[in-house]
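When we follow my numbering, the leftmost residue of the sequence shown carries the number 1, and every step to the right adds one.
Read the hints as simulated data drawn from the structure, not as lab findings.
Just to be clear, a hint being listed does not mean it is correct.
To be verified - Listed next, with one range per pair, are the computed distances between beta-carbon atoms:
(1) S547 with A642: 33 to 43 Å
(2) E564 with S806: 56 to 66 Å
(3) Q205 with R364: 56 to 66 Å
(4) I91 with A172: 28 to 38 Å
Model, not experiment: these values are computed from the prediction.
Ideal placement from N, C-alpha and C gives every residue a C-beta, glycine not left out.
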Amino acid sequence: MAEGEEAAARGAAVDRSERPSGIFWVLALAGVIILVAVGVYLLPEDWGKIASPILLAALAIIGMLAMFAWAMGIAHFGQSSVARNDLTKLIADDSPEGVLVTNKDGRIIYANQAYLTLTGAVGEQDMRSVERAFTGDPDVSEATYRLAQAARAGQRLAEEFRIASAPPAGTASWYRVRVRPIARPSGAGETVWTVADITRERERQENVFQELQHAIDYLDHAPAGFFSADPSGEIVYLNATLAGWLDYDLAQFGTGGLTLADIAPGNAGALVVTQPSEPGSVRTEIFDIDLRRRNGTIMPVRLFHKIAFAADGQPGPSRTLVIYRGPGGDVSEGLRAAEVRFARFFNNSPLAIATIDENARIVRTNAAFMRLFKEALTGDAPGHSLLDAVVERDREGLSKLTRLAMAGRGDIEPAEASLAGQGSRSARFWFAPVDRGENEKEAAIVYMIDTTEQRTLQEQFTQSQKMNAVGQLAGGVAHDFNNVLGVIMLAADSLLGSHKPGDPAFQDIMAIKNNANRAANLVRQLLAFSRRQTLRPQVLNLNDAMSDLSMLLRRLLGEKVALEVVHGRDLWPVKVDVNQFEQVVMNLTVNARDAMADGGKVIIRTRNVPISEASALDRSELPPADYVAVEVEDNGSGIAPAVLDKIFEPFFTTKDVGKGTGLGLSTVYGIVKQTGGSILVHSVEGKGTIFQIFLPRLIEPAKAANADGAEAAAGQAGAAAAKAKEMLDLTGRGRILLVEDEEALRALSARTLTARGFEVIEAGSGIEALQIIDDGQNEIDLVVSDVVMPEMDGPTLLKEMRKRNSQTRIIFVSGYAEEAFAKNMPEGEEFAFLPKPFSMKQLVEAVKSNMKP
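Work the whole structure out from these sequences, hints included.
In structure tokens form, the structure reads like this:
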């Protein structure tokens, strides 16, 4: 028997690797010593005597150093290396995996016993490489070919393949083969092959897969539904039972494309998805909801919904069991417990709930339904038609929704309807179908909520938006009117200067001027409504103002209407424009008089309204704060409900043609809003009306405010007296830059000022005015500029002037209130203001009072 066969028979590995021999080094050392001895012998005698001791001494020293290195463990003489090689070889020999080592030429230089056994080799001469040992169908050949290619390229690779008849048993087996190069400094190019039998591992995997397939099959055909949904609501798994209930084809559905919103109508899907997050916990909830089939009909079910949360609180996919609770379904809990739970939820719900039969007659209601419809339905609600609970105009729309519910539709949109009975109340209705048994009357469920307050707030908001839009329109029209009226008034003043009272045209010119002033007053009312008129607010005690106004109000009311003024005690101060406040009270008083054609009584009250009382009113237009209220009450004809929402609109009036402009209450509304207050109205037709004005309390010591006001008033009175004396002379000197884009108004203003001795330079825009200033040829004493102009407005002109170090004084002319543009001015900037339209005298007075001395 050969050596290799004996090794295989004994279970030993085959090792053909070459090992270096120790005898080579011994012979080499002996040869060196002989050559050295011959060399010494051939040397001359004198040299030999010297070299011999030196050679012997060198050999002795080398021997001693070698012995010392061996004793210290620094040098080894073959034993340790052999020991290490034997240990490494022993590990490879006993490996349970087959190990094969080939050189760069593909020749086998080592194979362990496991490899010989796996390949069925009976001796060394029977050893084969992996390519030859594992052959079979094309898949195996392709795998071994790829492994051989990787070995030649010095790369790593692993392959798994199945051999139908593998040695030594000849049965089908699975193998995993790996190849890797050995990295050595010498670069010999050896390659290590490892072969492992993974048949049992594969069998275990196949068994697990088969068990999983069986589990899925059991779950798919279980008598209960099951689905799994991710946190976004997308259904990632649906069993066949639930798919059949919902009328979905699993072959078409696949593993995506369906969400909870598709099968759970309304808020049911959101109820399942939105669960309280508890990091690291597992929650199981039970829901009784309706699922929606593919055809739109509903299906009552109970969900056992389980979801696990990660450590950071993020939810994972759900595991949800679905129990059908319709006719023929298996109800797990006792009937009595279910009835008690339903009754508790049904009666304690804040929503009004009722069930109706196929004729829309009420079958059952909860307590919230009875509270909501106690005025609409007399007596017991059951037996009445649900349509009787709403006004006639909304019954047809509600009837359509009931028919959809009877047809089993589960996606019915809600509807809004006004309730029958007293007052203007409304509710929103939701309909849901019911799966009925043979003896059940309920055909649909109706859910309702009271929307009266919401609708009122919405109407108030809509009214506010409409009033703001009308106010902006009125303000824009008023601005254009002011320019036109300014031209008319200046032209009339100019004509009056050249016509004496005895001239035939004098009366016509006066008529033009008077009607222009009347039109200017109407424009001011429009500006008051749009909150853009000029106000001069001051600290005021409303009791004092009402005392001063009461005599005038009595004359306005006449003899048939009595006036009673009730002053509140310790009234808080407010900050208002006295003239505008008086106009508000007079307008309301005149309207009260006109509502009492046969006489009556007007009561005006003032009182403090603390924040608690203001909050209790619960009005969106009245923020919680301290107010001072002024109430104007009459016992006249009142205001019709259809008219009440329109009374503050401009040009709306209920008076006969020619007896009212429709701007009285709109002016009141604008002044009160611009002051920062609010106005409310309460009216009962045939009994009277109360207007309530709420002005914000001024948080300031009243005495100090009054003292400051009195001092300021005294100072203003003295200055006014001195200025009145000065203004008797309307002539003056100085150079004026007049900036106005309205050509006619600019020409008349320039002519008026020139006639009074001023030198006027005209500019049609802010850019043109800057060019004149930059020219620097004429020193400007005063700038009179319009505010609203194309290209560059007045405030921008002033900013550009200051950038040029121009300290020239400026008068702004505008049809809008000073506050409308003052906020756009640089902080601390001083300017004068002249409202449009203005007369010739007002223009000259403003220029002369602001001209540099």
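Here's how the hints hold up against the structure:
| no. | hint | in the structure |
| --- | --- | --- |
| 1 | S547 with A642: 33 to 43 Å | holds, 38 Å |
| 2 | E564 with S806: 56 to 66 Å | holds, 59 Å |
| 3 | Q205 with R364: 56 to 66 Å | holds, 59 Å |
| 4 | I91 with A172: 28 to 38 Å | holds, 31 Å |
Checked against the numbered hints given earlier, the structure satisfies every one of them.
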